[in-house]
Every structure is written in structure tokens, then in C-alpha cells.
Amino acid sequence: ETGVTQTPRHLVMGMTNKKSLKCEQHLGHNAMYWYKQSAKKPLELMFVYNFKEQTENNSVPSRFSPECPNSSHLFLHLHTLQPEDSALYLCASSQAYPLAGATTGELFFGEGSRLTVL
Amino acid sequence: QQQVKQSPQSLIVQKGGISIINCAYENTAFDYFPWYQQFPGKGPALLIAIRPDVSEKKEGRFTISFNKSAKQFSLHIMDSQPGDSATYFCAARPFSGGYNKLIFGAGTRLAVHP
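Protein chains in written order, with this note's numbering: chain A, 1 to 118; chain B, 1 to 114.
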């Protein structure tokens, strides 16, 4: 497989369930990200992992718990979610920068996990 | 709070026309301004990007115009095609060092009619 792969693509869960989203990248990148995409709103950065260390947590509620066991895998553990958490959750990866002579800051996104909380 | 404001929210253009999407930002400590294109059911993908020391960048039918003093940048799609129908996001990267923390606009849904 190539690129950034997210599973599952669709998830329906009740407010009391516990589930996890998985992301895997085959690009040799060392930074991984979770973004939340809701209709008519900007993509919201949730978490950033840089060389497996969490470097950003944008005031995300504790019902979202990220995990990054290595530079290729990223998880988002979900528990006691609310209906307003229904959204498309996008994983992305990139090279950490600056690299010598680097001129690009491209994020490579997966196709997302569509989450519906009932 | 750092923000990138994008307009319009939606845009309808006839085939062969010019599509123009505008973005404005409030923080001067941004060092990179990309545009992403997202098709239904897919994740966003980088389309074209510009650095603040350049006023214009062109790649095929896609052009970014950058106005540093006005803190504005725009995407122009020349000879728009139905295959360009997608959602377009502008973004800006604060110079935080280490990784690509992009601040995105709210997106513009473009429909190109044949």
C-alpha cells in the first residue's frame, strides 16, 4: 500500500461506546496529524506528533485520546463522544522541517474516517 | 487566534471561465501559503503553494497571487473545467519550526458547469 491509509472509512457509534480510528503512512514521514473536518468550517487541527512525541494538542476534549506508537502509525481513541463530534476525521503526515534546502511543507492526507455519533 | 478567512463559500463557473477564490490572514508570521483541493470522498491534496517573498506563482491553469502588504492571497483557475469541480482550501503555516502546522480556511465549493 502507498500513501496514507485510514480505517475504518465509516463508523457509527453510540455515546457510551469506545472505538478507535487508525492511520498508517507508507511515506517515510516523521510527523503525523489529526484534523477534524465539519461542514462549512475550517479544517481543525487536533493533534500533532513529531518523531512520535505529541507536540500539539489544540484544546481537544479528553474524550479524544491520540496514540502514536511509531512514526508510521497513529490512532485516535474515542470514548463517551457527543453527537456534535460527528465529522470527518482526517489523518495526515509530512516530513518534519526544516530540512536542509527544504522548500515544501506538503501534508499528505488520508481519505478520512466518517464518524457518526448517535 | 490565528485565522485564515476564505471567500466565497461556494462558486459556480461556466466551463472555460475563470474561477477566483480569495483568502486573507491576520498573522504576519506565516511563511508558507498552500492551496489544497478536495474531491468528494477523498482527503485534501496539495494543489499549489507560494512563499511570501513571491508575488505570483503559476502552475498550468492554476495561479496564486500574493499581496503581502494587504495580507491577502488568491487562487485563479483559468479555463475552468468540469473536472475542477471540488472544494478548495487555502492555508497558512505559522513559522513554528519542526512540522507543518497549517491553519486552513473554511473552504470554497467550486462547481464548473459544462
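Read the hints as simulated data drawn from the structure, not as lab findings. By construction, the Cβ of each residue, glycine as well, lies at the ideal position given by its N, Cα and C atoms. Incorrect hints may appear among the rest.
Said to hold, decoys possible - Just the calculated beta-carbon pair ranges, DEER-fashion:
{"#": "1", "chain 1": "A", "residue 1": "77", "chain 2": "B", "residue 2": "78", "range": "15 to 21 Å"}
{"#": "2", "chain 1": "B", "residue 1": "8", "chain 2": "A", "residue 2": "79", "range": "27 to 33 Å"}
{"#": "3", "chain 1": "B", "residue 1": "18", "chain 2": "A", "residue 2": "82", "range": "19 to 25 Å"}
{"#": "4", "chain 1": "B", "residue 1": "65", "chain 2": "A", "residue 2": "116", "range": "24 to 30 Å"}
{"#": "5", "chain 1": "B", "residue 1": "16", "chain 2": "A", "residue 2": "82", "range": "28 to 34 Å"}
{"#": "6", "chain 1": "A", "residue 1": "84", "chain 2": "B", "residue 2": "41", "range": "40 to 46 Å"}
Unchecked claim - Derived, one-sided and incomplete: chain B residues facing chain A with beta-carbon distance under 8 Å:
{"#": "7", "residue": "39"}
{"#": "8", "residue": "82"}
{"#": "9", "residue": "85"}
{"#": "10", "residue": "102"}
{"#": "11", "residue": "106"}
As the list claims (entries may be wrong) - The calculated DSS-like cross-link candidates involving lysine-lysine, where the alpha carbons are at most 27 Å apart (straight line), are:
{"#": "12", "chain 1": "B", "residue 1": "71", "chain 2": "B", "residue 2": "57"}
{"#": "13", "chain 1": "B", "residue 1": "57", "chain 2": "B", "residue 2": "15"}
{"#": "14", "chain 1": "B", "residue 1": "71", "chain 2": "B", "residue 2": "58"}
{"#": "15", "chain 1": "B", "residue 1": "5", "chain 2": "B", "residue 2": "58"}
{"#": "16", "chain 1": "B", "residue 1": "5", "chain 2": "A", "residue 2": "52"}
{"#": "17", "chain 1": "A", "residue 1": "52", "chain 2": "A", "residue 2": "18"}
{"#": "18", "chain 1": "A", "residue 1": "41", "chain 2": "A", "residue 2": "19"}
{"#": "19", "chain 1": "B", "residue 1": "15", "chain 2": "A", "residue 2": "52"}
{"#": "20", "chain 1": "B", "residue 1": "71", "chain 2": "B", "residue 2": "5"}
{"#": "21", "chain 1": "B", "residue 1": "15", "chain 2": "B", "residue 2": "71"}
{"#": "22", "chain 1": "A", "residue 1": "40", "chain 2": "A", "residue 2": "19"}
{"#": "23", "chain 1": "B", "residue 1": "5", "chain 2": "A", "residue 2": "40"}
{"#": "24", "chain 1": "B", "residue 1": "42", "chain 2": "A", "residue 2": "41"}
{"#": "25", "chain 1": "A", "residue 1": "52", "chain 2": "A", "residue 2": "22"}
{"#": "26", "chain 1": "B", "residue 1": "68", "chain 2": "B", "residue 2": "15"}
{"#": "27", "chain 1": "B", "residue 1": "5", "chain 2": "B", "residue 2": "57"}
{"#": "28", "chain 1": "A", "residue 1": "22", "chain 2": "A", "residue 2": "40"}
{"#": "29", "chain 1": "B", "residue 1": "68", "chain 2": "A", "residue 2": "22"}
{"#": "30", "chain 1": "A", "residue 1": "22", "chain 2": "B", "residue 2": "15"}
{"#": "31", "chain 1": "B", "residue 1": "15", "chain 2": "A", "residue 2": "40"}
{"#": "32", "chain 1": "A", "residue 1": "40", "chain 2": "A", "residue 2": "52"}
{"#": "33", "chain 1": "A", "residue 1": "41", "chain 2": "B", "residue 2": "5"}
{"#": "34", "chain 1": "B", "residue 1": "42", "chain 2": "B", "residue 2": "57"}
{"#": "35", "chain 1": "B", "residue 1": "68", "chain 2": "B", "residue 2": "42"}
{"#": "36", "chain 1": "B", "residue 1": "42", "chain 2": "B", "residue 2": "58"}
{"#": "37", "chain 1": "B", "residue 1": "5", "chain 2": "B", "residue 2": "68"}
{"#": "38", "chain 1": "A", "residue 1": "52", "chain 2": "A", "residue 2": "19"}
{"#": "39", "chain 1": "A", "residue 1": "41", "chain 2": "B", "residue 2": "68"}
{"#": "40", "chain 1": "B", "residue 1": "5", "chain 2": "A", "residue 2": "18"}
* Failing hints, ascending? -> Failing hints, ascending: 1, 2, 3, 4, 5, 6, 7, 8, 9, 16, 19, 21, 26, 29, 30, 32, 35, 40.
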